[in-house]
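*Asks:* Each chain, letter by letter, is given below.
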Amino acid sequence: MRITELIKIALISVWSNKIRSFLTMLGIIIGISSVIILVGMGNGTKQKVSDQISSLGTNLITVNVTRNRFSITDEELEELKTKPGIKEIAPQISSSNVNIKAGSKSSTTTVEASNAVYAEIKKYTVSQGRFITARDVNNRYNVLVIGTETAENIFGYTNVVGETMYVNGIQFKIVGVLESEGTSTSGTSDDKIILPISTAQRVLKTSKASTYYVEAESQDTVDTAMSYLKMFLNKKCGLDNLAESTTTNNYYRVLSQTSLLTTATETTSTMTNMLSGVAAISLVVGGIGIMNIMLVSVIERTKEIGTRKAIGAKRRTILTQFLIEAATVSGIGGILGVVVGYIGAYIGKTFFSTSIIISQDIVIAAFAFSVLVGLVFGIYPANKASKLNPIDALRFE
Amino acid sequence: MEKANNDYLIEMRNIEKVYSMGSGSFKALGDVNLTISKGEYVGIVGPSGAGKSTLMNIMGCLDKPTGGEYFLDSLDTNCNDNKLAEIRNRKIGFIFQNYNLLMKVSILDNVLLPLLYLGYTKKAARVKAKETLEKVGLGSHMKHKPSELSGGQMQRVAIARALVTNPEIILADEPTGALDSKTGAEVLKMLKDLNHEGNTIVVITHDKGVAAHAKRMITVKDGCITSDELNDKEVSA
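Those sequence lines, one after another, are chains R and D. Taken in order, the first sequence gives residues 1 to 397; the numbers are from this note's numbering. Taken in order, the second sequence gives residues 1 to 237; the numbers are from this note's numbering.
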């Protein structure tokens, strides 16, 4: 008997018990749709994080220095810049909750202070005015570049170049307004002010930069630049140069965008896998539901099985028929689950602005898995049906 | 093993069926010897519990005897379940008291099912099933489901299903048991006509009136054949 015929028989049986079939499928529908949505959310988050990281450029190397352990002098920075692979270095002092005031309004914001190449390395652009220049840094001018949200907060408008504002009580002149970046995973990045590093050292009363942004000459020289940086830092901290695992120590951390990306991707992948695992459990529960209903169905249809055997169905024929029926139930459940998954993803995207990326692979895999669940959990009932003795089956009422 | 006699369609030698249950055992058939030739119309009668159902189950290869030998169309039926299913498919057409049709599919699908099990393509099976349904006078009802038909019509569907594979023998178990006398008579006439066309027919019944249509009457009592005689008072339908 052909498989298409068996599928047709299975569909008739599914259709003649609509409500029961639907309830049986429900477990599979929920399982498949949640796997699709959760994996989609995982992929969406991964994509978003990696977009943010790579928007900073793949040439970027970040050096985090544990505060107060040591500091790198300007001379040392100049010397480092001459090393192969390294193009520019921007030391950064940052501080959150810094008091700012303009006119009668005051607020707090985040300060980032650096040199003239900071904007280039961090890919900042100004929508008005100019960025911090080398002259500002050398002469410790009281100038700042302001984020759009901060400007909005304190002035009520963003066209603020030339205005005066106070930072920790010291008067500053606004020379530029940053281009709005929008919100990111780490909150809004438009609420900040950027100061020349030399000025900030005085205003914030800190002299040591905790972060250094290093721009490699190209993506290919990132590794070279990183090893020179490590060599320099090891020497400065008195660490053994040969220890290759110096990426993690108590003194500093050197990270490239690629390594950040890897870490972020790994984190989201782990999360996604865990969530999908939970969703997959509901698929197994759905499978048990199918087994349960198939067992009931075998008993209900004992007489049909007997008739089929009397007119010549072999054990294998009956086995295949019931296996295909179980697979059809779970397969239809899988298709409905995929549809529900897409609808859920659409709702998530439209109404909750969650980034969900559904890959074709996961849809195909989820559907295949649902059919597999039906086959696996159909084996026991199908085998039971195929083993029925035709006389007993025919006599069954 | 002695070779089966090719002249007989059914040849039973010392067939015995013992059901063992718990402590004791129950002998449903003991030492049955029976031969039926091609083209015969045999009625098997006996009171209920006499063993005629057991005899029919063994004859229809639905059950295996616990002793003796049974040759169907010269084939030894002492074989595995798969082989028995094949024998039932090719050589035997069953007609049951309760029709045993599949209620969820059309009568055409019911009739072509044995052909699908036989390996026909759906297309070829449909052609043959249509012919057979026309023969039993249901050509205009092919798309109907059994539940839309009367009892007599359902039994005719069952006859068509039994006939469709051109079996060696048609086994009817109380074929009129669920029908009123008028439709019952129609079914019996149909069986008689089929016999005239050369089909071998065995009817199992407790009703002597039904068995009276047969050319040969076998009486079973307490698991044994007590009489086997030609029916000279054959009722002509």
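These are calculated hints, taken from the structure and not from any lab test. It is possible that part of the hints are untrue.
To be verified - Derived DMTMM-like pairs: lysine to aspartate or glutamate, alpha-carbon spacing no greater than 20 Å straight-line:
#1 387(R) to 63(D)
#2 384(R) to 232(D)
#3 64(D) to 5(R)
#4 27(D) to 392(R)
#5 104(D) to 300(R)
#6 122(D) to 300(R)
#7 123(D) to 5(R)
#8 303(R) to 229(D)
#9 143(D) to 5(R)
#10 104(D) to 361(R)
In this text, all values refer to a predicted model and were calculated from it rather than measured experimentally.
*Asks:* Indicate, hint by hint, whether the structure satisfies it.
*Replies:* Here is how each hint holds up against the structure:
{"no.": "1", "hint": "387(R) to 63(D)", "verdict": "14 Å, holds"}
{"no.": "2", "hint": "384(R) to 232(D)", "verdict": "49 Å, violated"}
{"no.": "3", "hint": "64(D) to 5(R)", "verdict": "31 Å, violated"}
{"no.": "4", "hint": "27(D) to 392(R)", "verdict": "18 Å, holds"}
{"no.": "5", "hint": "104(D) to 300(R)", "verdict": "13 Å, holds"}
{"no.": "6", "hint": "122(D) to 300(R)", "verdict": "27 Å, violated"}
{"no.": "7", "hint": "123(D) to 5(R)", "verdict": "12 Å, holds"}
{"no.": "8", "hint": "303(R) to 229(D)", "verdict": "35 Å, violated"}
{"no.": "9", "hint": "143(D) to 5(R)", "verdict": "17 Å, holds"}
{"no.": "10", "hint": "104(D) to 361(R)", "verdict": "38 Å, violated"}
Hint violations for this structure: numbers 2, 3, 6, 8, 10, all remaining hints satisfied.
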